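Visitor: Take a look at the letters that make up each chain.
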Amino acid sequence: MKYLYYPGCSLKSSGKLYEISLLAVLKRLGVEVEELENWNCCGATNYMSINESYAIEITARNLAIAERMVGIEMIVPCAACFMGFLKTQKYMESDPVTREKVNDLLNKAGLSYTGKVKIRHPLDVLVNHLGTDALAKTAEMPLKGIKVASYYGCQLIRPYATFDDQWNPHTMDDIARAMGATPVDWPLKSRCCSGSMTSTMTGIGLRMNYVILKEAKSRGADVIITACPLCQFNLECFQGKISRKLKEDVRIPVMYFTQLMGLAMGIPAKQLGLKQMLSPSLVLT
Amino acid sequence: MSTIENSNKDWSPRIIAFFCNWCTYTASDLAGVSRLRYAPTTRVIRVMCSGRIDPEFVIEAFTQGADGILIGGCHPGDCHYSEGNYKCLRRYHLLQRVIGQMGIDQRRLRLEWISASEGKRLQEVVNEMTETLRQLGPSPIKEVVQTVIK
Amino acid sequence: MPINDEARVGFYICHCGHNIANMVDVTSVAEYAAKLPNVVLSRDYKYMCSDPGQEMILKDAEVFKLNRIVVASCSPLLHENTFRNATAKAGINQFYFQMVNIRENASWVHEDKELATVKAKDLVRAAISRVVFHKALEKKKVPVNPDVLIVGGGISGISAALNIANAGKKVYLVEKDPTIGGYMAKFDKTFPTLDCAACILTPKMSAVLKHPGITLMSYSEVAAVEGYVGNYQVKVTRKPRYIIEEKCVGCFACIDACIFKEAKFSDEFNEGLSKRKPVYIPFPQATPQVVLIDDKTCIHFKTGKCPQSCAKACDRNAFDFDQKPVTQELEVGTILLCTGFQPFDAARAPYYGYGRYPNVYTSLEVERLVNASGPTGGNVVLRDKTRPKSIGIIHCVGSRDEKTNKWCSRVCCMYSLKLAHLLKEHTDAEIYNFYIDMRTPGKGYEEFYDKLLNEGVHFIRGRVAEVSDWAINEHEKGKLVIRAEDTLIGMVRRIPVDMVVLAVGIEPGKDAQDIRRVFNISCSNEGFFLERHPKLAPVETFTDGIFIAGACQGPKDIPDSVAQAGAAAAQALALIDSGFVELEPNTAFINEELCCGCQVCINLCPYHAITFDETKSVSHINEAICKGCGTCVAACGSGAITQNLFEDQQILSEIYGLLVE
Amino acid sequence: MAQDKPKLKLAVYWGAACGGCCVSVLDVHEKLLDILAHADLVFWPIALDIKYQDVEQMPDQSIDITLFNGAVRNSENEHMAHVLRRKSRILVAYGSCAYLGGIPGLANFYTKEEVFRRVYEESESLDNPQKIHPLPENEVTEGHLHIPSFYNDVLTLAQVVDVDYFIPGCPPQSERLVEVFMDIVNGSDLPLKGSVIGASSKVQCDECKRKKSDKKGITRFYRPWEVTDDGMTCLNEQGILCMGPATRAGCGVRCVEGNAPCRGCYGPLDGIGDAGTRILSAIASMLDGKEPEEINRAIDSIVDPAGTFYRFSLPGSKLRRKVS
Amino acid sequence: MNASSSDILTQGLTVKLEADLDKNFGETIAREAHGEKLFGCIQCGNCSAACPLSVWMDYTPRKVIAMVRAGFKQEVLSNRTVWLCASCYQCTVECPKGIKITDVMYALKREAIENKVYPKNFPVPILARTFFNEVKRTGRINEIFLLTIYYLRYNIFKMLGYASLGMKLFMKRRLSLFEKGMSDKKEFKAMLNQ
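Chains as they are written, first to last, in the numbering used here: chain A, 181 to 465; chain B, 23 to 172; chain C, 198 to 858; chain D, 755 to 1078; chain E, 355 to 548.
Please keep in mind that the hints were generated in silico from the structure rather than gathered at the bench. Certain hints may be false.
[To be verified] Straight-line alpha carbon distances no greater than 20 Å define the calculated SDA-like cross-link-like pairs of lysine to any residue that follow:
#1 Lys-142(B) <-> Glu-599(C)
#2 Lys-813(C) <-> Lys-956(D)
#3 Lys-522(E) <-> Leu-458(A)
#4 Lys-600(C) <-> Phe-393(E)
#5 Lys-370(E) <-> Ile-686(C)
#6 Lys-182(A) <-> Ile-200(A)
#7 Lys-373(C) <-> Lys-338(C)
[Unchecked claim] Partial selection, computed: residues in chain E whose CB lies under 8 Å from chain A:
#8 Ala-384
#9 Pro-406
#10 Leu-438
#11 Lys-470
#12 Val-471
#13 Pro-473
#14 Phe-485
#15 Leu-501
#16 Met-536
#17 Asp-538
#18 Phe-542
[Said to hold, decoys possible] Pulled from the structure, derived: some chain B residues nowhere near chain D, Cβ distances all over 12 Å:
#19 Tyr-60
#20 Gln-123
#21 Ser-139
#22 Lys-142
#23 Ser-161
If you're wondering where the values come from, they're calculated on a predicted model, not measured in any experiment. Every residue, glycine too, gets a C-beta built ideally from N, C-alpha and C.
Work the whole structure out from these sequences, hints included.
Guide: In structure tokens form, the structure reads like this:
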């Protein structure tokens, strides 16, 4: 089993721990990945705000390269990149004007995209391809008694993704369960974390993260797991500041789901980047 | 020469449409009642069932100058005469092969299942087919048939 | 193309007021037609279907010795018969007529008058070149069987059955459930008059049972329908109740005697809010008053090891555990479909928490809760037996939504108001109605809304985005929080309540598609049965002799359902009283001189109308059985089969006419 | 034999033909003597040394009957069609090629260029390194050379000149020829001009002795060598594509009698506009299957559908030739 | 100003005169947002209630849609509602009329930038613009550079608030100044510069 792999900018910087833990887990599961050559930024939400055609074009370029590398399926772990790819595919599929225009540009750069690449999120690959039974077998040190609040954020499951239930997503819960932990049912699973607003509209951004942290804690969660570098960054790195500013301790371990999996699989903490975390570390009993 | 070519508009194709009485013809009535606008390219011939459509009608229409032929019947399982549409489907697929071998672009012959309630679908199909035929341009068939090259 | 010098065609084009004339230049079409071969006369007229229009044909036929008539106007499905009759009155065989559809097929669907006119001319030319080859034919008259089949025993089916039976006709009423009554039987009060549903429905139910003209076939379904208008053969399958219906008197001794001392199984009639035993009667006033056994839960059927205490308790020996489905054949002339609707499944709107939060109810569940004969005896309590102090009623659940059902379900606003009133009355709770638009078009409906506005019920105009147990303060703790924008104020509101009522919409029954196939009728896009014309033929279908009424045709409240049932009954009676129907002579026949006996055609006929004559070694079509689809015609390698009204030459001339000036 | 009537003048000519039709005339065997008792052969290229110029110099209408076999393929064929029309009282399109185009008519699936390329450039048995194509006009050392020009379209006789009667068959049954001829000699009422003569008014199945039933339900077709024919059952019912259901009888069901499927050389019945679509529709009506995939699987087993259905009738069909 | 500004009512806070509307605004935005069906909006407010940020907006999303189609161009573009949209798509998936409200918001952002009428010194568009230029320049994003440039443009003092967090991350080796860029930027740039 081999996939192409598009890390995106975040996984190379602030989301570095996502990349190393993801790669460690995939390696353990025997899933081979090959990084997309000479990839570029997906444009994220900002490109859509400034110039939509550019946003589509630069993402299409990545798709074209994937197609050239005969990568039929490509893993995209960052929620924003993932959504951006799906959106680009959707536009190119349904809008002939966009399709032609983008292909024109691609052709001039010596590329072409015919729509063959299938974009998959690691959650999709793990749960729907490998299956939770297979995952459970790899849990050498099951996380007995650990209560996990899965936090999906927004763009991972909507509006285009189809690998999980849009209204009540469960793939991360499935994984947590396979790792021996207990998922917590809570209503804010897919509520927005404010994205980059923690840097722009700080007051609002912090407050939005506050309600998420607080609700997870009040539901008895020991840890929040995420599948998006920005969600993880916001929830983890700002929780100290939030606790100080709002005078309420909302600190709680916030990990990538891959870090949690790694723990259960017995992958050394260092290889999962657990030593580099800012939030409290998960206490294993 | 048909009247359309004599008009001063941009070229627009002529589609002979064979519609079954129960589903597609009714859908075309529904499109009318719902005032759904579509390209004025079709000329409907009503038959009781798509099973009545003789492949010869299609060839005849082509040789008389039709740019496209649209066959409309009930959805599989919904035929008013229980299975006439399947009989149409079998003839259609074999005919498609033959017209392909005859050098006729197979997009000029189209079969669509359009139920009595699908006025909207009828509108889409006619517009789509009109667009396809516009891109294909006027059918060369009539001229080829009438002009012997020695 | 061959020609026919004998034909003298009279051509007429209709303005249809402005309907045609606005988009098709009718005078230029008329002038154009006048110059076509065989055309003796060409006229345009404001309304051809009017009496003067038809008179014109009569007079012209005589003066100009016409023997063919072509009318360009609306769809033949609408007025072909009108003009055929006019043709016949003019002394011309009615099949020497051809209609050109330039309204539905041209003026109503195009925007370019020039092109629409060109199209009209092409169509007219085709009709004229076709009509020349028409042949004189006769319609076949077939008597109408006066018996009527009504499918569905809800309020529509019940009303129609009584209407028709009271007119002295025999009615078979087939109901798939063990009792008639439908959804109305579940309701407590009805809007806007608040009269009790049971009080007005149950007398009708027993009237059906007692009526000598009505044969009630409950727990039965129509398996197959054959034949045609006036002469349908229907197969009805009765499901096994395991009780001999004629013997049971409804004493319920068996239910008391059931080996299950406690009722254990979800009670369908109470929407699962109470329990019943495997042997049960759906509700006390069920009609017929006959118990039945649910073989999925009965110990006898599951293990074979039940002492059958129920059967032993029956002093009339009404039990028969070996009952099997029984199929009965009926012969009827007309059929009324009153198969109703199904409520929207609230689980399909996961954002409202149905099935996730126990205190989220559907409106039907609340109907049972407020009902004095319901599971709580009319005492409105939550699942934990506490009384709600605040209740949110969410309108349009499943309706007006592209993700679920696009249409307005028409009844939800009114029944939500009714439930608000009843809940207020029963609990004195704070009640919030969340609506998108308040729709109260009906007699006394707006007045009912006025009444509610003054009863202290809150109205918030905004679609609820979510119901959740996410509390952001003490006030919200332990409650269900409804989040909606109060659009009239422009602010988002979070309203914590104890109970949420989802006003679920109306959608086509889950078996609507199967029913449609059995009866060979059409459904509109959303899946409701399609009427022949949305305004002028609202209870007829495209299959002659089959009528529709009630919510199977579209969302409807009780008064409208009853009214439509009356209309359908009147249509059926009119057909029966006319005594006979005329059949199109569009049948096929085989020319024995050409038939080679290859038998390709025989299996193509869905009606087994074609048989092989071994002695002559030719095939033969029984025209009484032939329905005129023409599929055999296209299959004949010898060209030995001809379909009346759709002969090869007629269609080829039409093609030629369309394309060649 | 009484010689009170003057002898009829008879001509036989071949256009684009294989020669089979001429042989079929010889195949009347000793009946030829009966014919010659009543007729003089005035022109017959394969048998008599009479030149075109001789025919051109005959008075108009001086030939009583001309049997024209072969399609019109080149300027020579067309020229002689016009000459013979002028010289003959009755012009008969004799055989499938003259009647509907026949086997040479299959060239209408190609253009003249494609035919030339195949014949003069690609043919396996060819030695033509310079890829020389024939030219109608040529200067050679001996002088100006003219050869007939090759047409792009193969034509039926009736597409070139007015034809009185059609005798179908590849080749026509010799017995039929004698019957027709004797009718004319005996002065029987001649059939309507334009009729197909010497054949039946029903299709092959009428005369075919094989057992037919209403169970067609074909799921795939076989070429004759792929299955063992039971010798009794309708070939189509066994999946062997037989053109019998849409082909005029008159040959004595010869192919099927020889356990080979009918190939359609007698053409369609009167009033059938297009032979190919007629058999297409009949064959499609025998198919089984409701899913497009199933149907197409069955169709895939028909080798060259258009070539099969229009094997003898392409130039005489509605489409006449491949469009592009 | 157009003639109606002299109207006596213009001093009112809750009055809008026809002459001051941009009647094509709705059409323009609908087209920009890929033919979005915003004219099919039934003003149910679901978007507003679903939006996690609407409580901080000047106008709720529902009201924005109403204003767009009525032609309140000035008001819509110059307020901060559209810039508070975090593109979480909650409104889009919930809209009963299938309006892709998030895409409408994107279209409004682009329109605002084009018309240069977004709120002055408002951080969101500044970050967006910075991000845009960075990618255009290098093909990828280095968050340290991105944020530095952003704060330089927006408000250098605000950056101080993040200094300690930045330092912590830097110490934990979670941020670095030198990340591997694209190996070949030529064709990427060529594509964008066309």
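Visitor: Now tell me, hint by hint, if it's right for this structure.
Guide: Here is what the structure says about each hint:
Using a Cα cut-off of 20 Å, the hinted pair Lys-142(B) and Glu-599(C) holds, with the two alpha carbons roughly 16 Å apart. Restraint check for Lys-813(C) and Lys-956(D): the C-alpha separation of about 14 Å stays at or below 20 Å, so the hint holds. A threshold of 20 Å between alpha carbons decides the hint, and for Lys-522(E) with Leu-458(A) the separation of about 8 Å falls inside it, so the pair holds. Restraint check for Lys-600(C) and Phe-393(E): satisfied, since their Cα atoms lie roughly 18 Å apart, inside the 20 Å limit.
About 18 Å separates the Cα atoms of Lys-370(E) and Ile-686(C), which keeps this hinted pair within 20 Å; it holds. A C-alpha spacing of about 18 Å is found between Lys-182(A) and Ile-200(A), which places the hinted pair at or below 20 Å, so the restraint holds. A C-alpha spacing of about 35 Å is found between Lys-373(C) and Lys-338(C), which places the hinted pair above 20 Å, so the restraint is violated. Given hint, Ala-384(E) at the interface with chain A, is violated; its Cβ is 14 Å from that chain's nearest Cβ, farther than 8 Å.
The criterion of a C-beta within 8 Å of any C-beta in chain A is met by Pro-406(E), whose closest approach is roughly 5 Å, and the hint holds. Because the beta carbon of Leu-438(E) sits about 7 Å from the nearest beta carbon in chain A, less than 8 Å, this interface hint is met. Given hint, Lys-470(E) at the interface with chain A, is violated; its Cβ is 13 Å from that chain's nearest Cβ, farther than 8 Å. The criterion of a C-beta within 8 Å of any C-beta in chain A is not met by Val-471(E), whose closest approach is roughly 14 Å, and the hint is violated.
The beta carbon of Pro-473(E) comes no nearer than 12 Å to any beta carbon in chain A, farther than 8 Å, and the hint placing it at the interface is violated. At about 4 Å, the closest approach between the beta carbon of Phe-485(E) and any beta carbon in chain A falls short of 8 Å, and the interface hint on this residue holds. Given the 8 Å rule on beta carbons, the hint for Leu-501(E) holds: about 7 Å separates it from the nearest Cβ of chain A. Look at Met-536(E): its Cβ gets to within about 5 Å of chain A, closer than 8 Å, so that hint holds up.
Because the closest C-beta pair between Asp-538(E) and chain A is about 5 Å apart, less than 8 Å, the hint holds. Residue-level restraint check for Phe-542(E) holds (minimum Cβ-Cβ distance to chain A is 5 Å; threshold 8 Å). The Cβ of Tyr-60(B) lies farther than 12 Å from every Cβ of chain D, with a closest approach of about 26 Å, so its non-interface assignment holds. Not every beta carbon of chain D lies more than 12 Å from that of Gln-123(B), the smallest distance being close to 4 Å; the non-interface claim is violated.
Consistency note on Ser-139(B): stated as away from chain D, and its beta-carbon is indeed over 12 Å from all of that chain's, at 22 Å minimum. The claim that Lys-142(B) lies off the interface holds: its Cβ sits roughly 24 Å from the closest Cβ of chain D, which is beyond the 12 Å cut-off. The Cβ of Ser-161(B) does not lie farther than 12 Å from every Cβ of chain D; its closest approach is about 8 Å, which violates its non-interface assignment.
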